[in-house]
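Asks: Letter by letter, the chains look like this.
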Amino acid sequence: MVTLIDFIKRHSGQVMWVLALIIGVLLSQAPFTVKSAISGALMDTIYRPFDYLSGAYHTFKNRRVENLQLKEELISTRLKIETLKEIERENLRLRRALGFSQRLEYATVLAEVVGRGNPRMPGSIVVGSGAKQGVIVGLPVIDEHGVVGKVISVSDNTSVIQLITDPNLKISAVDGRSRVQGIISAASGGKLVLENVPVTADIRNGDPITASGLGGLFPKGLKIGLVSRVMVPQSGLFSKVEITPSAKLATLEEVFILFTGIAGMNTDSVAIDTISGDGR
Amino acid sequence: MTRRLLYILLLYLAVGMQISLATPLPGLGWDIDIVLLFLVIIATKVGHGEAVIWAVFAGLALDVFDPSAMGGCIVAKSTAIFLFGVLSNALNLEQPTLLAVTIFILTLIDRIIYRLFSPYSTQFGWAFLRFDLPSAAVTAIAGLIVLLIAIRMRVFTPRTVEE
Chain H
1 MVTLIDFIKR
11 HSGQVMWVLA
21 LIIGVLLSQA
31 PFTVKSAISG
41 ALMDTIYRPF
51 DYLSGAYHTF
61 KNRRVENLQL
71 KEELISTRLK
81 IETLKEIERE
91 NLRLRRALGF
101 SQRLEYATVL
111 AEVVGRGNPR
121 MPGSIVVGSG
131 AKQGVIVGLP
141 VIDEHGVVGK
151 VISVSDNTSV
161 IQLITDPNLK
171 ISAVDGRSRV
181 QGIISAASGG
191 KLVLENVPVT
201 ADIRNGDPIT
211 ASGLGGLFPK
221 GLKIGLVSRV
231 MVPQSGLFSK
241 VEITPSAKLA
251 TLEEVFILFT
261 GIAGMNTDSV
271 AIDTISGDGR
Chain C
1001 MTRRLLYILL
1011 LYLAVGMQIS
1021 LATPLPGLGW
1031 DIDIVLLFLV
1041 IIATKVGHGE
1051 AVIWAVFAGL
1061 ALDVFDPSAM
1071 GGCIVAKSTA
1081 IFLFGVLSNA
1091 LNLEQPTLLA
1101 VTIFILTLID
1111 RIIYRLFSPY
1121 STQFGWAFLR
1131 FDLPSAAVTA
1141 IAGLIVLLIA
1151 IRMRVFTPRT
1161 VEE
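As you go down the protein sequences, you meet chains H and C in turn.
Be aware that the first sequence starts at 1, since it is given in the working numbering, and climbs by one per residue.
Be aware that the second sequence starts at 1001, since it is given in the working numbering, and climbs by one per residue.
Next up, chain C with everything else stripped away, as it sits in the complex:
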């Protein structure tokens, strides 16, 4: 129970940071998906079934800011985390580099799904190359840094290291 309260608080902070600190970089329009990073970390801790529920809450919290595309973030985040579960069952995803590549792919999937729900008409290919791809790369790099720090601080221990 205490753990879940802590996660609620952390999710709240992650969404708060996403909407305040992680605004798109000026001139570039790229942003780090802090909420997705948080959900990936949660998924490694609580299992994928529960992580999908957290993804629904996180998606709803983000959907609030764009009522016209409401539901998009729920589907995007929960799908990304569900896929993370599928992939992590198949691969040893706790290796930081592999996990960063996975985060890159998940961010891309998340963004593509959200664009499908968004009512704004943009050129899909151009937006994908101009914003989604760089944002996914930035998020993956940020995720790698966070993982390396977490490993150094012994907050996150990859299975290979444990063995």
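Pulled out of the complex, with its shape left as it was, chain H reads as follows:
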């Protein structure tokens, strides 16, 4: 017995290998049901953590894919919401415009702004209403806040509007409080200036400036803007009055073209409202 143990100790490698061969061969020759039972038992015990980890990994992977899909849906839904919000804002704006047009004494055409900033005509915009909607050259254009400009060119479905900030357009205007009259023309920085105002005239900051109606183009009383600064020269007869336009010219989206009844008038015969530097 001692000799056997000594032998095993001295030749442990060989003995273990032979035992391993015996175990391996026995297992390989065992019935398949036995092999399956051993395999199943070991799988259920020692490999459960790996199974769990593998499951967790696949779940994580699926969640990641799901997460990406949900993010895509979220972005798509946000875009839809933004579109709906924009439609809601447009709806509100058009409702206000509709209410405004109903208060006007004149027939109007609501025209959508379809273009602006033409390099050749920086003081103009293009609207999506033209001859087919009855628009003709010379009609005044306003928004719900005040005077925007006038129609200077018409095609079938579009019209070009000369803005009041165009230096070539001059409008006869009156101070709504003191009734002092002058001529509105464009100034730098999107402002207007009321010219030909005597230095002694009673004009203050905040006074409303409206169309005087003398030119015959813009109906009397249409709001043009508010006095923002009065500049009295050291010498001279006339002071300059800076006006901030009432119309939201920078953010125009829809405008009203007024059918004032002067359409078709010979513009040359119109006094101040049709004075324009380029002969229009």
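Where hints are given, some of them may not hold.
Unchecked claim - Pulled a few chain H residues facing chain C out of the computed Cβ check, cut under 10 Å:
1. 12
2. 25
3. 27
4. 106
5. 107
6. 109
7. 250
If you are wondering where the hints come from, they were derived from the structure by calculation, not from laboratory data.
Positions of the beta carbon are idealized from the N, C-alpha and C atoms, including for glycine.
With the hints as your guide, set chain C onto chain H.
Replies: This is chain C only, laid out in the frame that chain H set:
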């Protein structure tokens, strides 16, 4: 005792890595025999008699996944490690390059033995050239890298360096 518990844990991790991370490379079908590498490292630490016992456990753990060839991995791994013991007694196998070549040969022996136990009928020569030879090379390269890292980290010190 603590050392053996550590080896059990490492063997468990090695088998886990073998069945999860070391799956055959897509399109090539080659794989690194992490368990064999682990057994070679164990053999250099605990001696070949005990290493064969670890090889039996490792083989059984791998045989679980293919009941039809059960026993094949036990015989293959234990034979490979037994041969490693025989070779390392004859040669100075602790030199990394020589050890990598030995790992290459052991992987080939391991795979050939396993194919003998496998019931799947494949063309032996074709499978040997297409899968076994490249897998052995990949395992040897991986083993060399592991050994070089181990030497750099002073976890494994070849006898020649010690001297």
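Asks: Now, for every hint given, state plainly whether the structure supports it.
Replies: We went through each hint and held it up to the structure:
Hint status for residue 12 of chain H relative to chain C: holds, with the closest Cβ pair at about 3 Å, below 10 Å. Interface restraint check: residue 25 of chain H against chain C, minimum CB-CB distance 6 Å, threshold 10 Å, status holds. With a least beta-carbon distance of about 3 Å to chain C, the hint placing residue 27 of chain H at the interface is held under the 10 Å criterion. Violation of the interface hint for residue 106 of chain H is found here, the shortest Cβ-Cβ separation to chain C being roughly 77 Å, above the 10 Å cut-off.
Taken as an interface hint, residue 107 of chain H does not check out: its beta carbon lies about 75 Å from the nearest beta carbon of chain C, beyond 10 Å. For residue 109 of chain H, the suggested interface contact is broken, since its CB lies about 68 Å from the closest CB of chain C, more than 10 Å. Nearest Cβ of chain C to the Cβ of residue 250 of chain H: about 60 Å, over the 10 Å cut. The hint is violated.
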